[in-house]
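Participant: Okay, here's what each chain looks like letter by letter:
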Amino acid sequence: MDRQTLRQRMNAIFQDIFDDPSLQVSDDMTAADVEGWDSLSHINLIVAVEKAFKIKLTTAEVRSLNNVGDFISLVERKAA
Amino acid sequence: MISKNTPDLDYSRLARAGRKLVTKGSNQNARIAILSDAATQQFVPLLKALFHDNGVNAEIYEGAFDAIEMETFDRSSGLYQFQPGVVVLANCAQALRSRYYQHGGAGFPEAATERMLRIWDALGRHCAACVVQCNYPLPYERQFGNYDLKVAHSLYASVAAINMNIAQCVRERANVLVCDVEGIASYAGRKNWYDDRLWNMTKAFCQLDHLPQVAQALVEMTLPTMGRVVKCVVLDLDNTLWGGVVGDDGPLGISIGAHGDGEAFFHFQHYLLSLKRRGILLAVCSKNDHENAVRPFVENPEMVLKRQDITMFVVNWENKADNIRKIRDTLEIGLDSMVFLDDNPFERNLVRQFLPDVIVPEMPEDPADYVRAISELNLFETSSFSAEDLARSELYKQEAGRREVQSTYSNIDEYLRSLEMQIEVARFHKAKIPRIAQLIQRSNQFNLTTHRYNEGDCEKMMLDTEGCVPLYASLRDRFGDHGLISIVILRIKPDVLEIGDWLMSCRVLARGVEHFLMTRVVELAREKGLTRITGEYIPTAKNAMVKDFFAQFGFEKTAEQDGASKWHLDPAPYQARTIYITEGD
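Taken in sequence, the protein lines are chains A and B.
Following numbering that gives the first Met the number 0, the numbering of the first sequence begins with 0 at its first residue and continues without gaps.
Following numbering that gives the first Met the number 0, the numbering of the second sequence begins with 0 at its first residue and continues without gaps.
In case anyone wonders, no lab produced these hints; they're calculated from the structure.
Just so it is clear, the structure is predicted and the values come from calculations on it, not from any experiment.
Hints are supplied without guarantee of correctness; some may be wrong.
Straight-line distance between alpha carbons at most 27 Å, and here's what the computed DSS-like set of lysine-lysine pairs gives [as the list claims (entries may be wrong)]:
hint, chain 1, residue 1, chain 2, residue 2
1, B, 541, B, 396
2, B, 230, B, 149
3, B, 492, B, 565
4, B, 325, B, 541
5, B, 492, B, 546
6, B, 190, A, 53
7, B, 546, B, 565
8, B, 431, B, 149
9, B, 546, B, 556
10, A, 55, B, 190
11, B, 230, B, 202
12, B, 202, A, 55
13, A, 50, B, 202
14, B, 286, B, 230
15, B, 230, B, 556
16, B, 527, A, 53
17, B, 149, B, 459
18, B, 305, B, 230
19, B, 305, B, 396
20, B, 190, A, 50
21, B, 396, B, 325
22, B, 190, A, 77
23, B, 325, B, 546
24, B, 202, A, 77
Label pairs and their in silico Cβ distance ranges [to be verified]:
hint, chain 1, residue 1, chain 2, residue 2, range
25, B, 345, A, 31, 58 to 64 Å
26, A, 3, B, 343, 52 to 58 Å
27, B, 494, A, 18, 57 to 63 Å
28, B, 390, A, 39, 45 to 51 Å
29, B, 188, A, 39, 24 to 30 Å
30, B, 85, A, 49, 39 to 45 Å
31, A, 39, B, 456, 31 to 37 Å
32, A, 39, B, 494, 51 to 57 Å
33, A, 3, B, 188, 35 to 41 Å
34, A, 59, B, 85, 43 to 49 Å
Part of the chain A face toward chain B, derived, beta carbon under 10 Å [claimed, not checked]:
hint, residue
35, 2
36, 5
37, 41
38, 54
39, 55
Glycine included, C-beta positions come from ideal geometry on N, C-alpha and C.
With the hints as extra help, turn the sequences into a complete structure.
Facilitator: Encoded structure:
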């Protein structure tokens, strides 16, 4: 899966989790940029992405994420 | 010695390997006897192959099917001649379940434990083998839902108790080990349940996908406290309760029995019988000739359900929606407290369409899955259980007797007099609290205010001897005992006797119970010198039948809003009605 397709699929998950159909993710986006991105929705987001891409992220991997770009790269690596 | 690598536990590989196994020279040998009340032929080759994988030659003695006692009690049995080093008692949950159903419930864990100890003792007397006792996977079928654990004699609680007994008994015996089959079975679920990453990240107690089930369980537990309970299971016959068509195959030709084709239906009937024993009514609604339909219940000895287990038969060629209405009218229960089980999708859809309140579960194609499918829906969750539940089926049958007699009297007074009704009215007391709370939770129709008090609330009222007069009434007549059927909660205010709650089981409608009780209320007001009796009606979706309750006793309406109304009565001029109920001892 190329990064563009992956980004689109992740974007759809973000829109669903944050209940905002107009949300567009970017690499430098962080939790502070998105309305409702708190610790609860963060876990929901992780679990939804894991399910969609059939991957398991380790606790350390989840902790290492600094922005959406990191997240997309991580998923890209794990789903490869 | 355990093999170091992750063992390969693939069933097909082991089954193949076990069959082809040739004993090679090995320095380690094991002599293992397997005694079971389940089949062991699939199991033994796997065991051999796995021992082989671990460098051990296993010689295995397979006891005859379901002959554990015969083998262990008989000193000259094949088991002892084999001279086992290890004896595995591979008891299975299915055999335990059918013993439970035949036993009836109360005292079952003790009986099963004693039986097990006798076997251990016999083994200890006749050989020096190490004994491995398997414990029991918890059953999936539930009679009460979450409430199963509160009822010591339920199947679920009984199996849990037996497992606990096994653990306690093996602690006291050096030569007996327990193989935790229950642990293996439940780990198949638990491994999907726990997620330590989620715990570390967010302190979630299970995988998020399972959280809804816990929430659903809490909803299912709460609904009964609000009066939402299933009271009756309406059953089709052909291919639902037995295999085949009774009209064609005859009462002895249908499929029903402990072994073979009829076993699925046998288990299903046992499950239904356990529901009946816990107070769920069973009714039959079938397109058949009445006589044909009843004959298996009377004539076929393999039938678990007997004629007396069925509260009502409605058997004719009319449509099932009308027939279910007939059952509702006779038993006086709401359509939403009925479950309709029928293997025929046409009938299910018809009932769904015409009676949307009736619960109509999909039935699985294979009758072997009936119990699991019904049990998974957790339809029979409750928040209370009392002696009256056990007797309920009997109560409804007595009612059918009364109806028959009623038709022979020309007027209602004559009929009511003939019933020789006796009532007992008393303040709440400790022993009656569970039934009182249950009636408060379950009465929907004849209920003026529908406050749902729990047992704790009822005890508080019981103890408040100054301000509160909480009364219950029990009724019996010449046909039998109705048990505790009405609650009236009165509060004493300055100059006023306030009727806070008044509810009654619909089984005793139109007997004069409410007239008897109102006379008592009026007498109490006069005794205490109170000049006014007040009452309130709060409408719900179901209690329209008591909308005019106060008016019929001469109360005047003092307020009305959104269907709710307030009433009062001067007790002095009140005229008691003619009542055919006397006060018993």
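Participant: Does each hint hold? Answer for all of them.
Facilitator: Here is what the structure says about each hint:
For the hint pairing residue 541/B with residue 396/B, the CA-to-CA distance comes to about 25 Å; that is within 27 Å, so the pair holds. Between residue 230/B and residue 149/B the CA atoms are separated by roughly 19 Å; this keeps the pair inside 27 Å, and the hint holds. Of the supplied pair hints, the one linking residue 492/B and residue 565/B holds, its CA atoms being roughly 16 Å apart against a limit of 27 Å. Between residue 325/B and residue 541/B the CA atoms are separated by roughly 19 Å; this keeps the pair inside 27 Å, and the hint holds.
A hinted pair counts as satisfied when its Cα atoms are at most 27 Å apart, and residue 492/B with residue 546/B qualifies at roughly 24 Å. Between residue 190/B and residue 53/A the CA atoms are separated by roughly 17 Å; this keeps the pair inside 27 Å, and the hint holds. Among the hinted pairs, residue 546/B with residue 565/B is consistent with the structure: their alpha-carbon atoms are about 11 Å apart, no more than 27 Å. In summary, the hint linking residue 431/B to residue 149/B is supported, as the alpha carbons are separated by about 18 Å, within the 27 Å threshold.
Our distance criterion of 27 Å between C-alpha atoms is met by residue 546/B and residue 556/B, whose separation comes to about 12 Å. Under the criterion of a C-alpha separation no larger than 27 Å, the hint pairing residue 55/A with residue 190/B is consistent with the structure, at around 15 Å. Using a Cα cut-off of 27 Å, the hinted pair residue 230/B and residue 202/B is violated, with the two alpha carbons roughly 40 Å apart. Restraint check for residue 202/B and residue 55/A: satisfied, since their Cα atoms lie roughly 18 Å apart, inside the 27 Å limit.
For the hint pairing residue 50/A with residue 202/B, the CA-to-CA distance comes to about 20 Å; that is within 27 Å, so the pair holds. Of the supplied pair hints, the one linking residue 286/B and residue 230/B holds, its CA atoms being roughly 23 Å apart against a limit of 27 Å. Among the hinted pairs, residue 230/B with residue 556/B is inconsistent with the structure: their alpha-carbon atoms are about 35 Å apart, more than 27 Å. Distance check on the hinted pair: residue 527/B and residue 53/A sit about 75 Å apart at the alpha-carbon level, beyond 27 Å; violated.
Restraint check for residue 149/B and residue 459/B: the C-alpha separation of about 23 Å stays at or below 27 Å, so the hint holds. The suggested pairing of residue 305/B with residue 230/B holds, with an alpha-carbon distance near 19 Å, which does not exceed 27 Å. Restraint check for residue 305/B and residue 396/B: the C-alpha separation of about 14 Å stays at or below 27 Å, so the hint holds. Proximity of residue 190/B to residue 50/A is assessed by CA-CA distance (about 17 Å); at most 27 Å being required, the pair is judged to hold.
With a C-alpha separation of about 15 Å, the suggested pairing of residue 396/B with residue 325/B holds against the 27 Å cut-off. Restraint check for residue 190/B and residue 77/A: satisfied, since their Cα atoms lie roughly 22 Å apart, inside the 27 Å limit. This hinted pair checks out: residue 325/B and residue 546/B have alpha carbons roughly 25 Å apart, not beyond 27 Å. Of the pairs offered as hints, the one joining residue 202/B and residue 77/A holds, with about 25 Å between alpha carbons and a cut-off of 27 Å not exceeded.
About 59 Å separates the C-beta atoms of residue 345/B and residue 31/A, a value consistent with the hinted range of 58 to 64 Å. With their beta carbons about 53 Å apart, residue 3/A and residue 343/B fall inside the hinted range of 52 to 58 Å. Separated by about 58 Å at the C-beta atoms, residue 494/B and residue 18/A satisfy the suggested range of 57 to 63 Å. At about 50 Å, the CB distance of residue 390/B to residue 39/A agrees with the hint of 45 to 51 Å.
Roughly 26 Å separates the CB atoms of residue 188/B and residue 39/A, a value that falls within the hinted 24 to 30 Å. A hinted range of 39 to 45 Å for the beta carbons of residue 85/B and residue 49/A is consistent with their spacing of about 44 Å. Against the hinted window of 31 to 37 Å, the Cβ-Cβ separation of residue 39/A and residue 456/B comes to about 36 Å, which satisfies the hint. Judged by the Cβ atoms, the range 51 to 57 Å given for residue 39/A and residue 494/B holds: they are separated by roughly 56 Å.
Checking the proposed 35 to 41 Å range against residue 3/A and residue 188/B shows it holds: the Cβ atoms sit about 40 Å from each other. Roughly 45 Å separates the CB atoms of residue 59/A and residue 85/B, a value that falls within the hinted 43 to 49 Å. Taken as an interface hint, residue 2/A does not check out: its beta carbon lies about 26 Å from the nearest beta carbon of chain B, beyond 10 Å. Proximity of residue 5/A to chain B is violated relative to the hint, the smallest CB-CB distance being about 22 Å (cut-off 10 Å).
Checking residue 41/A against chain B: minimum C-beta separation of about 8 Å stays under 10 Å; hint holds. For the restraint placing residue 54/A at the interface with chain B, the shortest Cβ-Cβ distance is roughly 12 Å, beyond the 10 Å limit, so the hint is violated. Interface restraint check for residue 55/A: the shortest CB-CB distance to chain B comes to about 8 Å, inside 10 Å, so the restraint holds.
In summary, the structure is inconsistent with hints 11, 15, 16, 35, 36 and 38 from the numbered list given earlier, while agreeing with the others.
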